[in-house]
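> Starting from the known structure of chain A, arrange chain B on it as the hints suggest.
As they're listed, the protein sequences go chains A and B.
Note that numbering that gives the first Met the number 0 numbers the first sequence so that position 288 is 287, with each residue one more than the last.
Note that numbering that gives the first Met the number 0 numbers the second sequence so that position 61 is 60, with each residue one more than the last.
Please keep in mind that the hints were generated in silico from the structure rather than gathered at the bench.
A portion of the hints provided could be inaccurate.
Said to hold, decoys possible - The calculated lysine-lysine pairs, modelled on DSS-like cross-linking and capped at a C-alpha distance of 25 Å, are:
(1) A:243 / B:227
(2) A:243 / B:53
(3) B:292 / A:243
(4) B:1 / A:243
(5) A:243 / B:318
(6) B:79 / A:243
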Amino acid sequence: MAILLTRETKIIVQGATGNQGAFHTRQMLAYGAQVTAGVSPGKGGQTVHNVPVFDTVRDAVAQTGASASIVFVPAPFAKDAALEAMENGIRLLVMIPEHIPVQDTVEIVTRAEDLGVSVIGPNTFGIISPGEGTKMGIMPNHIYAPGPVGVVARSGTLSYEIAFSLTNAGLGQTTVVGMGGDPVVGQTFISVLKHFQEDPATQAVVMVGEIGGSAEEEAAEYIKAAFAKPVVAYLAGRAAPPGKRMGHAGAIIERGRGTLESKEQALTQAGARVVTMPWEVAEAVGTMLS
Amino acid sequence: MKQYEYVAKQALAAVGIPIPAGRVVRTADDAAAAVREIGPAALKAQVLVGGRGKAGGIRFAQSPEEARAVAAAMLGMDLKGYRVQTLYAEAKLAIDQELYVSVTTDRNRKVPLIMASTAGGVEIEEVADESIVRRHVDPRVGVLPYAGRELAADLGLEGTLAREFADLVVKLYQLYQSHDAELVEINPLTVVGGHLVAADARLNIDDSALFRHREVEPIDEGSVLEQKVHAIGLAYVELDGDIAIMANGAGMAMATVDAIQHFGGRPANFLDAGGGASVGPTAQALDVLVSMKPKVIFINIFGGITRCDDVARAILQVKRTTGIPVPLVVRLVGTNEREGVALLEAEAISAYSEMAPAAERAVQLAGEGR
Numbered sequence: 000m001a002i003l004l005t006r007e008t009k010i011i012v013q014g015a016t017g018n019q020g021a022f023h024t025r026q027m028l029a030y031g032a033q034v035t036a037g038v039s040p041g042k043g044g045q046t047v048h049n050v051p052v053f054d055t056v057r058d059a060v061a062q063t064g065a066s067a068s069i070v071f072v073p074a075p076f077a078k079d080a081a082l083e084a085m086e087n088g089i090r091l092l093v094m095i096p097e098h099i100p101v102q103d104t105v106e107i108v109t110r111a112e113d114l115g116v117s118v119i120g121p122n123t124f125g126i127i128s129p130g131e132g133t134k135m136g137i138m139p140n141h142i143y144a145p146g147p148v149g150v151v152a153r154s155g156t157l158s159y160e161i162a163f164s165l166t167n168a169g170l171g172q173t174t175v176v177g178m179g180g181d182p183v184v185g186q187t188f189i190s191v192l193k194h195f196q197e198d199p200a201t202q203a204v205v206m207v208g209e210i211g212g213s214a215e216e217e218a219a220e221y222i223k224a225a226f227a228k229p230v231v232a233y234l235a236g237r238a239a240p241p242g243k244r245m246g247h248a249g250a251i252i253e254r255g256r257g258t259l260e261s262k263e264q265a266l267t268q269a270g271a272r273v274v275t276m277p278w279e280v281a282e283a284v285g286t287m288l289s
Numbered sequence: 000m001k002q003y004e005y006v007a008k009q010a011l012a013a014v015g016i017p018i019p020a021g022r023v024v025r026t027a028d029d030a031a032a033a034v035r036e037i038g039p040a041a042l043k044a045q046v047l048v049g050g051r052g053k054a055g056g057i058r059f060a061q062s063p064e065e066a067r068a069v070a071a072a073m074l075g076m077d078l079k080g081y082r083v084q085t086l087y088a089e090a091k092l093a094i095d096q097e098l099y100v101s102v103t104t105d106r107n108r109k110v111p112l113i114m115a116s117t118a119g120g121v122e123i124e125e126v127a128d129e130s131i132v133r134r135h136v137d138p139r140v141g142v143l144p145y146a147g148r149e150l151a152a153d154l155g156l157e158g159t160l161a162r163e164f165a166d167l168v169v170k171l172y173q174l175y176q177s178h179d180a181e182l183v184e185i186n187p188l189t190v191v192g193g194h195l196v197a198a199d200a201r202l203n204i205d206d207s208a209l210f211r212h213r214e215v216e217p218i219d220e221g222s223v224l225e226q227k228v229h230a231i232g233l234a235y236v237e238l239d240g241d242i243a244i245m246a247n248g249a250g251m252a253m254a255t256v257d258a259i260q261h262f263g264g265r266p267a268n269f270l271d272a273g274g275g276a277s278v279g280p281t282a283q284a285l286d287v288l289v290s291m292k293p294k295v296i297f298i299n300i301f302g303g304i305t306r307c308d309d310v311a312r313a314i315l316q317v318k319r320t321t322g323i324p325v326p327l328v329v330r331l332v333g334t335n336e337r338e339g340v341a342l343l344e345a346e347a348i349s350a351y352s353e354m355a356p357a358a359e360r361a362v363q364l365a366g367e368g369r
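Next comes chain A alone, as it looks inside the complex:
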């Protein structure tokens, strides 16, 4: 089992004819994902790795019955692509681009809320369900394995590091979700945890957080009140100075808010096992599952 994304999910790729879009279309197909169509305005009729390309999402959905889309278009055009997707029946939307204006994201997630769409990202590596043999994202294919651990992370490479260490420890994953590194994102720790709660195959959850905002604190409140599975959390940014953006637009301690201490304290009090270094995650998960 998995959350949000299963082997049945039919996927379209918006921006499929671009460099990144084409490269990752191939990677997703190689992993087993049902990539049924690409969308690139003006490129309808072409193919990308044998996947038919359409001018509009409307045509792509009509021809293939897809319900999920992964967006690779440049940030200035991302809002247009996202609203087009949702308008035409897409209900799982993965927003890869970095540097989408925050107010565009606000419009996207507001529309998503109205239509019941799950938005992953923006500025995310995507989502992968190893047991289902499918993914929508830019993560490397070889570092995951099927298993009982759910992972939700704000950052890409760091989550690869941790997922790979889990895999090497014999702890496979149900689904790995990238929240994204932007200040405003669709799925957050709390909504992903709710999905993991419902998924019988997920026996433990790893949260990979970082400084900035208060998504971890909010998640802690939910864990304390209603989350029944063991949680291991690792948070990055212990040594980060206040007022500086640490790579991600959202990773900043502003006006005393978003500190690591506040997040670790909240999660610890909620009963999560908080580890201080990424290489401690796998062992902590193993202990909690045995």
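Below, chain B without anything else, positioned relative to chain A:
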């Protein structure tokens, strides 16, 4: 991107929010002319740091002659590490009351948030929570006059002030939207002669939206070194240690800095070489690290989209040009790991496959740690 006070003021004026009479001043003569025009004025250093007043960045001048002398003293001065190049001369106000109002984006609720208070004039973080009125904005609706009226009532404003405040909130939200603001803040929002005037203002524009705000002059607040790496297109933050660090991905780079500190070392920087770092920018970034003359350079790469052989090529390129005269610790795993490690080993550079021992070794080589 933070904007100077005078830019924020001009933006407020453009949407019809009252501001004091003011002039941008770049020379002592400018200052004298400004005071001749607007009368006794405050000369305010245009720097992007808080607490200007206490640091001597706001001074007063009664006459053109005094303005000339004060401006001469202020221009070129160092204010909390920033060189003052521009002043804003602003008419002195006879202030009766100080309020606060701002619009920002609430990350958790994912909608705009208006905050207002009658306890203005101090940083909003220092204001007691019960003295702050908050109102989330439904982006489908925006801010209509009734929202402003309700906020004014919540603050206990009456009569002219209530009407002016309601009108101001609508305009402030317009500004927030039209400028892609992360934050627009008026503090203090003063009451002068029974009317509202925006006495000081902050405007931070979303960096990601700059493509549609060509009128905004880019300001890089970073140090010289930070600006140099930003120009390559990479995220970089200077820290005060002596172990230089490069990693790929923002989270990974943060974790690497944390790991160095964990073993008792002192990180010199945060550098995200990017999730899909290629040879060119990686080599350029490494060049900058070498130029910092650190005790040790630590490169921590988990190759996903980034290819280990590309990183190895970048390292070898810099080794050929600079010799890399300090100890180098490399951790390299993931995509094309074998090729990358082989390239390095051919030049007698060994690579770790695990992060922890590599970080520990870097700290050891710097002569730090426990």
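> What are the numbers of the hints that this structure violates, sorted from low to high?
5
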